[in-house]
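Heads up: the protein sequence lines correspond to chains H and F, in order. Each residue of the first sequence is one higher than the one before, counting from 1 in my numbering. Each residue of the second sequence is one higher than the one before, counting from 115 in my numbering.
Simulated from the structure, these hints should not be mistaken for lab results. Each hint should be verified, as a subset may be incorrect.
Pulled a few chain H residues facing chain F out of the computed Cβ check, cut under 7 Å [what the hints assert, rightly or not]:
no., residue
1, Tyr32
2, Pro40
3, Leu44
4, Lys49
5, Phe51
6, Phe104
Below 30 Å or equal to it, Euclidean Cα-Cα: the simulated DSS-like pairs (lysine-lysine) are [what the hints assert, rightly or not]:
no., chain 1, residue 1, chain 2, residue 2
7, F, Lys171, H, Lys49
8, F, Lys127, H, Lys49
9, F, Lys115, F, Lys171
10, F, Lys171, F, Lys127
11, H, Lys61, F, Lys115
Here a beta-carbon is modelled for each residue, glycine too, at the ideal position from N, C-alpha and C.
Here are the chains, one letter per residue:
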Amino acid sequence: AQSVTQPDIHITVSEGASLELRCNYSYGATPYLFWYVQSPGQGLQLLLKYFSGDTLVQGIKGFEAEFKRSQSSFNLRKPSVHWSDAAEYFCAVGAVGGYNKLIFGAGTRLAVHP
Amino acid sequence: KAGVTQTPRYLIKTRGQQVTLSCSPISGHRSVSWYQQTPGQGLQFLFEYFSETQRNKGNFPGRFSGRQFSNSRSEMNVSTLELGDSALYLCASSPRGDAVGETQYFGPGTRLLVL
Chain H
1 AQSVTQPDIH
11 ITVSEGASLE
21 LRCNYSYGAT
31 PYLFWYVQSP
41 GQGLQLLLKY
51 FSGDTLVQGI
61 KGFEAEFKRS
71 QSSFNLRKPS
81 VHWSDAAEYF
91 CAVGAVGGYN
101 KLIFGAGTRL
111 AVHP
Chain F
115 KAGVTQTPRY
125 LIKTRGQQVT
135 LSCSPISGHR
145 SVSWYQQTPG
155 QGLQFLFEYF
165 SETQRNKGNF
175 PGRFSGRQFS
185 NSRSEMNVST
195 LELGDSALYL
205 CASSPRGDAV
215 GETQYFGPGT
225 RLLVL
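Can you make the complete structure from the sequences, with help from the hints?
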């Protein structure tokens, strides 16, 4: 069955430090992968997505992610974190059978220290 | 363009009651999906509608149902509410819902509390 694993439930970084959030997926074919961010009391906002082509994907707010087929990973990175990046981050994979069914990881809550 | 809107934003019900949640997609979007978000189970897919037809359904009991109207607006209904139905219900829309890598745009959600 398809699944998404985000190994880190909580991460705390200092403002200005670099960030990497991990995501591993299980999927039989070429997946299409997403990173969403959720601020408290809000819906989900798309940061970036991958479905083909260049394995390094650029997104909004200075985020990027790299698709590594050999490791079944799609890690999210940011070189310098801002206090406003504090939120919960979700990795998701498009499900077999399509029609917009996304399978989400459990999420990683990011705290940013000043 | 206006984003996805959901009404109401907050709702309190008691066990055994039923509830209807509404979602208006982005103008021109014809696919609407619903997700349930809880602390214990995370984000789970409920169902997806396109042109008034349910094309995909998640693993939820029959108490959860939905429909889509000709203007693409969608409603979901939960009957005989249980305490475990307390959750944030998120609606998402996209143009077609079947294009590879198509982006889903999420609304702010309806927070349902069942007492």
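Structure-based check of each hint:
no.: 1; hint: Tyr32; verdict: holds, 5 Å
no.: 2; hint: Pro40; verdict: violated, 11 Å
no.: 3; hint: Leu44; verdict: holds, 4 Å
no.: 4; hint: Lys49; verdict: holds, 6 Å
no.: 5; hint: Phe51; verdict: holds, 3 Å
no.: 6; hint: Phe104; verdict: holds, 4 Å
no.: 7; hint: F/Lys171 x H/Lys49; verdict: holds, 23 Å
no.: 8; hint: F/Lys127 x H/Lys49; verdict: violated, 37 Å
no.: 9; hint: F/Lys115 x F/Lys171; verdict: holds, 28 Å
no.: 10; hint: F/Lys171 x F/Lys127; verdict: holds, 25 Å
no.: 11; hint: H/Lys61 x F/Lys115; verdict: holds, 21 Å
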